[in-house]
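Chains as they are written, first to last, in the working numbering: chain A, 1 to 599; chain B, 1 to 599.
In this list, chains with the same sequence are indistinguishable; a pair is considered to hold if it fits within one copy or across any two.
Computed cross-link-like contacts, BS3-like style, restricted to lysine-lysine with a CA-CA straight-line distance of at most 27 Å: (1) K146 with K181; (2) K79 with K47; (3) K327 with K177; (4) K327 with K507; (5) K334 with K177.
In short, the hints are calculated from the structure, not lab data.
Fair warning: this is a prediction, and the values are worked out from it, not measured in the lab.
There are 2 protein chains.
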Amino acid sequence: MASYRAPIDDMRFVLHEIVGIDGLRELTGFEEATPDIIEAVLEEAAKFSEERLFPLNRSGDEEGCQFADGVVTTPAGFKEAYAELTATGWTGIYCDPQYGGQGLPGTLSLMVDEIFCACNLSFSMYVALTHGVYNTLVRHGSEELKNAYLPNLVSGLWTGTMCLTEPQCGTDLGLIKTRAKAQPDGSFRLTGTKIFISAGEHDLSENIIHLVLARRPDAASGTRGVSLFLVPKYLLDESGNAGDRNTVSCGGIEHKMGIRASSTCVINFDEASGYLVGTLEQGMRAMFTMMNAARLEVGVQGAAIGEAAYQGAVTYARERVQGRSLKGVQHPEKAADPIIVHPDIRRMLLTGRAYVEGSRALGSWVAKKIDISERHADERTRREAEELVALLTPIVKAFFTDIGLEVANLGMQVYGGHGYIREHGMEQYVRDARITQIYEGTNGIQALDLVGRKLSAHMGRYLRHFFHPVEAYLESHAADGEFVEPLAKAFGRLQRATAWLAQAGLKDPEQAGAAASEYLRLFALVALGYMWIQMAHVAQRRLDVDDDGTGVVTTPGFYQAKIDTCRFFMQRLLPQTSGLFASIMCGSDSIMSFDEAAF
Amino acid sequence: MASYRAPIDDMRFVLHEIVGIDGLRELTGFEEATPDIIEAVLEEAAKFSEERLFPLNRSGDEEGCQFADGVVTTPAGFKEAYAELTATGWTGIYCDPQYGGQGLPGTLSLMVDEIFCACNLSFSMYVALTHGVYNTLVRHGSEELKNAYLPNLVSGLWTGTMCLTEPQCGTDLGLIKTRAKAQPDGSFRLTGTKIFISAGEHDLSENIIHLVLARRPDAASGTRGVSLFLVPKYLLDESGNAGDRNTVSCGGIEHKMGIRASSTCVINFDEASGYLVGTLEQGMRAMFTMMNAARLEVGVQGAAIGEAAYQGAVTYARERVQGRSLKGVQHPEKAADPIIVHPDIRRMLLTGRAYVEGSRALGSWVAKKIDISERHADERTRREAEELVALLTPIVKAFFTDIGLEVANLGMQVYGGHGYIREHGMEQYVRDARITQIYEGTNGIQALDLVGRKLSAHMGRYLRHFFHPVEAYLESHAADGEFVEPLAKAFGRLQRATAWLAQAGLKDPEQAGAAASEYLRLFALVALGYMWIQMAHVAQRRLDVDDDGTGVVTTPGFYQAKIDTCRFFMQRLLPQTSGLFASIMCGSDSIMSFDEAAF
Numbered sequence: 001m002a003s004y005r006a007p008i009d010d011m012r013f014v015l016h017e018i019v020g021i022d023g024l025r026e027l028t029g030f031e032e033a034t035p036d037i038i039e040a041v042l043e044e045a046a047k048f049s050e051e052r053l054f055p056l057n058r059s060g061d062e063e064g065c066q067f068a069d070g071v072v073t074t075p076a077g078f079k080e081a082y083a084e085l086t087a088t089g090w091t092g093i094y095c096d097p098q099y100g101g102q103g104l105p106g107t108l109s110l111m112v113d114e115i116f117c118a119c120n121l122s123f124s125m126y127v128a129l130t131h132g133v134y135n136t137l138v139r140h141g142s143e144e145l146k147n148a149y150l151p152n153l154v155s156g157l158w159t160g161t162m163c164l165t166e167p168q169c170g171t172d173l174g175l176i177k178t179r180a181k182a183q184p185d186g187s188f189r190l191t192g193t194k195i196f197i198s199a200g201e202h203d204l205s206e207n208i209i210h211l212v213l214a215r216r217p218d219a220a221s222g223t224r225g226v227s228l229f230l231v232p233k234y235l236l237d238e239s240g241n242a243g244d245r246n247t248v249s250c251g252g253i254e255h256k257m258g259i260r261a262s263s264t265c266v267i268n269f270d271e272a273s274g275y276l277v278g279t280l281e282q283g284m285r286a287m288f289t290m291m292n293a294a295r296l297e298v299g300v301q302g303a304a305i306g307e308a309a310y311q312g313a314v315t316y317a318r319e320r321v322q323g324r325s326l327k328g329v330q331h332p333e334k335a336a337d338p339i340i341v342h343p344d345i346r347r348m349l350l351t352g353r354a355y356v357e358g359s360r361a362l363g364s365w366v367a368k369k370i371d372i373s374e375r376h377a378d379e380r381t382r383r384e385a386e387e388l389v390a391l392l393t394p395i396v397k398a399f400f401t402d403i404g405l406e407v408a409n410l411g412m413q414v415y416g417g418h419g420y421i422r423e424h425g426m427e428q429y430v431r432d433a434r435i436t437q438i439y440e441g442t443n444g445i446q447a448l449d450l451v452g453r454k455l456s457a458h459m460g461r462y463l464r465h466f467f468h469p470v471e472a473y474l475e476s477h478a479a480d481g482e483f484v485e486p487l488a489k490a491f492g493r494l495q496r497a498t499a500w501l502a503q504a505g506l507k508d509p510e511q512a513g514a515a516a517s518e519y520l521r522l523f524a525l526v527a528l529g530y531m532w533i534q535m536a537h538v539a540q541r542r543l544d545v546d547d548d549g550t551g552v553v554t555t556p557g558f559y560q561a562k563i564d565t566c567r568f569f570m571q572r573l574l575p576q577t578s579g580l581f582a583s584i585m586c587g588s589d590s591i592m593s594f595d596e597a598a599f
Numbered sequence: 001m002a003s004y005r006a007p008i009d010d011m012r013f014v015l016h017e018i019v020g021i022d023g024l025r026e027l028t029g030f031e032e033a034t035p036d037i038i039e040a041v042l043e044e045a046a047k048f049s050e051e052r053l054f055p056l057n058r059s060g061d062e063e064g065c066q067f068a069d070g071v072v073t074t075p076a077g078f079k080e081a082y083a084e085l086t087a088t089g090w091t092g093i094y095c096d097p098q099y100g101g102q103g104l105p106g107t108l109s110l111m112v113d114e115i116f117c118a119c120n121l122s123f124s125m126y127v128a129l130t131h132g133v134y135n136t137l138v139r140h141g142s143e144e145l146k147n148a149y150l151p152n153l154v155s156g157l158w159t160g161t162m163c164l165t166e167p168q169c170g171t172d173l174g175l176i177k178t179r180a181k182a183q184p185d186g187s188f189r190l191t192g193t194k195i196f197i198s199a200g201e202h203d204l205s206e207n208i209i210h211l212v213l214a215r216r217p218d219a220a221s222g223t224r225g226v227s228l229f230l231v232p233k234y235l236l237d238e239s240g241n242a243g244d245r246n247t248v249s250c251g252g253i254e255h256k257m258g259i260r261a262s263s264t265c266v267i268n269f270d271e272a273s274g275y276l277v278g279t280l281e282q283g284m285r286a287m288f289t290m291m292n293a294a295r296l297e298v299g300v301q302g303a304a305i306g307e308a309a310y311q312g313a314v315t316y317a318r319e320r321v322q323g324r325s326l327k328g329v330q331h332p333e334k335a336a337d338p339i340i341v342h343p344d345i346r347r348m349l350l351t352g353r354a355y356v357e358g359s360r361a362l363g364s365w366v367a368k369k370i371d372i373s374e375r376h377a378d379e380r381t382r383r384e385a386e387e388l389v390a391l392l393t394p395i396v397k398a399f400f401t402d403i404g405l406e407v408a409n410l411g412m413q414v415y416g417g418h419g420y421i422r423e424h425g426m427e428q429y430v431r432d433a434r435i436t437q438i439y440e441g442t443n444g445i446q447a448l449d450l451v452g453r454k455l456s457a458h459m460g461r462y463l464r465h466f467f468h469p470v471e472a473y474l475e476s477h478a479a480d481g482e483f484v485e486p487l488a489k490a491f492g493r494l495q496r497a498t499a500w501l502a503q504a505g506l507k508d509p510e511q512a513g514a515a516a517s518e519y520l521r522l523f524a525l526v527a528l529g530y531m532w533i534q535m536a537h538v539a540q541r542r543l544d545v546d547d548d549g550t551g552v553v554t555t556p557g558f559y560q561a562k563i564d565t566c567r568f569f570m571q572r573l574l575p576q577t578s579g580l581f582a583s584i585m586c587g588s589d590s591i592m593s594f595d596e597a598a599f
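Throw the hints in and build the complete structure from the sequences for me.
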């Protein structure tokens with residue numbers, strides 16, 4: 001059976017020794033984020049998730065959500081777990097205290113998200129979607145809307161959804177057909193059908209607050225004519241409680257490959273009452289401002305499943321005995337050696353470990369930059385942080401979810417035939433992880449966002465926020481030949497590919513489009529390498545005799561394992577960059593000149 | 001919805017223009033394999049599979065097999081389809097006419113297998129397992145056993161299974177516990193439990209013939225003490241028909257990620273009557289002789305799912321409109337352009353196409369060598385063919401199933417969110433393909449087989465059967481700079497990695513073990529490149545003005561597409577070899593020195 005313990009040691013290490021979460025206490029509002037609080041949050045999140053969410057993961061997958069007469073029932077135990085979750089305040093951990101939140105840094109709450117997702121991705125979806133609504137409303141909602149809706153969203157009494165997709169439009173939101181008619185009282189009436197609405201209907205919360213993209217009858221076509229509306233399942237009565245039912249209904253739920261305990265709904269709006277969020281015809285902008293956070297969150301979902309699969313595989317690799325070590329018998333008292341002695345098993349485990357831990361560090365770095373972009377006193381510091389986040393967001397979303405699937409598959413492979421059987425829980429990780437490559441913008445769209453928008457923004461300024469620190473780091477650590485050399489080589493490939501793309505893509509956008517996915521992976525591997533070299537260097541300092549004793553992890557072997565995993569990453573994973581580089585430099589011709597009729 | 005048409009054009013091309021199936025008519029027994037017969041077989045297989053098997057694929061997945069009181073019921077329609085299949089003689093297509101088969105080349109029947117697997121992998125399993133039993137019995141069974149069992153296995157009236165795995169042993173068959181006690185009449189009584197037995201129990205056939213690995217009570221431990229037995233579900237009565245029930249029972253079926261319509265059974269033997277197949281204590285040898293065919297078959301399963309997923313994705317990419325071409329509007333009459341105009345969609349489609357078509361050619365080449373190894377008049381020719389097959393079999397099994405999953409995932413990705421929904425059928429391809437990387441020896445085991453046994457065999461003699469023709473081809477086509485250069489570069493990497501492995505692995509087997517999976521992929525990519533360059537050159541000759549008119553495909557654009565897909569393969573996929581090479585050459589240290597306790 002799969003097993004999971006929240007990787008708190010690594011989270012402590014990343015937060016305190018790599019990204020420096022303690023520095024965030026200087027920012028207004030984060031004064032309370034002391035090391036004690038951080039420690040308590042991590043430990044309690046681990047305890048709650050391991051004890052309450054993880055046990056519901058398999059059963060929730062087997063049972064799935066049920067739909068009957070417009071009502072969605074979540075699997076057994078979900079309601080009780082959700083009630084506990086809200087009672088202990090987990091839903092508002094990073095939200096503004098003004099609305100009942102705890103006001104902790106997003107950098108910390110991302111770790112909590114990871115733990116929730118690793119234990120039960122389906123369950124975590126109900127909370128994640130509410131976060132999305134919170135983030136949008138808090139930035140774009142009127143004071144009236146914020147005061148009316150945010151407190152109950154923050155407490156988790158109500159949950160939220162993002163209603164974007166329609167049958168004819170997914171990526172291309174300009175094709176939205178849902179209509180919004182203005183009413184004399186300033187409200188709107190919405191009519192249309194939305195599909196793939198996560199948490200669109202369920203039995204966990206008293207009310208469901210939909211944020212809906214729609215267009216007025218006389219609005220422009222395309223994305224320019226799209227506005228954002230808040231449409232509650234239950235209208236608020238005079239005291240602000242959930243009152244009469246709005247004309248919003250669930251038409252059915254999808255039967256999916258995975259995240260089966262997360263309801264994915266068809267939501268019908270039939271002259272439903274709604275309220276404008278932000279400015280008319282500026283709906284896309286409102287959506288985009290919350291997308292960095294949402295895409296980072298989805299990236300973390302992928303990496304979280306990877307962590308869970310890695311841990312499950314390690315447990316099995318220690319227990320399962322099969323064959324003998326190539327070095328000769330290691331455990332003569334057993335019928336065979338545990339499979340963890342076999343090189344190919346170790347290769348699979350280390351691949352998972354290197355990807356997941358590298359992703360955790362990179363994701364935390366981005367999360368910290370989001371915190372800075374929102375809170376720092378200095379405008380320029382805020383802007384630079386925001387630009388780095390904009391650059392790295394598509395990379396985090398696409399790469400973390402790609403490696404999430406890869407690691408889930410490797411974890412399953414370690415189990416052999418037993419991994420293919422549902423009861424062991426490993427194949428569920430593969431099915432669950434698979435959606436993360438698709439939703440919140442497919443990974444192909446992320447790659448296009450990177451090469452089409454982020455590279456060219458302000459003449460490459462976003463890019464420099466990443467390139468300059470990497471360059472500086474490599475220069476100042478030139479003495480370390482072992483790790484600097486491979487990273488410098490990979491970074492050189494990234495620089496050359498970037499220069500080529502900037503030129504070729506300017507002349508012909510299809511050059512950029514054809515290179516996008518491979519370029520994103522090349523970039524991501526370099527970014528992970530940048531995290532790994534820092535982790536290895538910090539770890540080495542802890543091991544050196546003159547260590548100043550500031551290491552936060554006391555588990556024996558932890559720091560040595562960091563260095564060893566870095567070595568594996570540099571030697572066995574980073575070399576992918578050479579093939580990616582070569583593919584990119586071949587250009588788009590072999591892709592674009594292929595006759596469409598011949599496919 | 002997914003759609004599928006058997007890729008008969010490409011099969012014609014590969015059979016006639018690449019591997020030269022016509023040459024097989026010179027071999028004893030294959031005289032009847034005329035072009036007309038080959039054409040008829042392909043066309044009828046396509047018709048039967050598209051019309052009868054493909055429609056049962058989704059419904060079979062939803063319904064799954066049911067188990068109650070020891071009885072397994074296959075999904076609706078399977079029984080009728082199986083009855084039709086046997087009535088039309090498909091089960092014996094390549095079997096010996098002496099037992100009622102049609103005696104056609106394995107090279108041809110592999111194409112039929114591909115079509116069956118692409119249409120309905122679960123269904124095809126019932127036939128494939130019977131093939132495995134046929135192949136083993138025909139080589140190792142006594143005349144008595146062959147005469148008693150083969151005719152009904154060939155006709156499909158009875159089906160077969162291979163009973164190897166037990167709860168404590170999968171890869172390591174030396175751990176087998178099932179016991180066989182000799183009886184005075186020369187028969188045996190078998191007692192034990194086998195798991196993961198595909199087609200172990202079902203309602204399609206009148207009798208089920210199990211081939212069971214077991215050991216006598218006083219046999220040696222490890223694989224040396226293992227013998228092979230035939231254990232029928234129903235014992236034969238005096239006229240050779242299925243008579244009394246043997247003490248073999250199904251204890252349950254597994255709930256699996258995919259191939260849900262294929263029954264995967266726990267089979268209990270309780271003093272069951274069985275008959276020795278081959279020589280006592282030579283069970284492993286008997287198993288191994290049928291493994292080349294079985295592993296090739298599983299490889300083809302992977303590639304077949306890849307083909308089906310590719311086709312489904314192409315259909316969707318033509319239909320789905322979303323966004324506009326980066327070149328500007330292509331279809332102003334539509335709300336958006338079909339997504340097939342987007343570079344990243346084309347990249348995904350071409351990746352699938354290049355992998356699948358390359359695999360089809362390589363698989364057919366190996367199949368032809370199997371036919372030659374079994375039938376050729378010249379002993380040395382037979383032996384050389386057999387050795388090449390032995391070398392390429394682990395590559396075919398592991399690489400085809402790896403790309404099978406990759407292509408299934410790409411196909412699903414093209415569908416976006418719709419791919420994650422069960423009704424479209426794309427996610428089923430991912431779930432179904434996933435098992436092919438595991439069963440019939442995990443892909444890690446295939447890689448070990450390649451580096452541990454096949455490379456070193458007879459001082460590298462197997463290897464030379466592949467290296468020499470590739471070298472010769474590259475030399476004799478040096479004039480073609482476009483494709484020879486990238487292939488020569490990749491081939492050079494393979495040669496250097498091989499030389500290094502031969503040395504390093506000799507001193508330290510863990511060096512070979514640590515490099516195995518990457519080495520296998522490197523080798524496979526070169527092998528695919530060798531197929532692609534031949535396909536491109538043949539296609540170019542057909543397009544040249546002085547074409548001799550021997551091209552067998554009349555579909556417009558077919559030959560040009562071959563050249564264009566080759567270009568894509570060389571430019572965008574083959575460069576992976578550089579990263580693989582670099583990883584291999586880093587050696588095993590980063591894998592083996594990692595502290596076991598630190599995982």
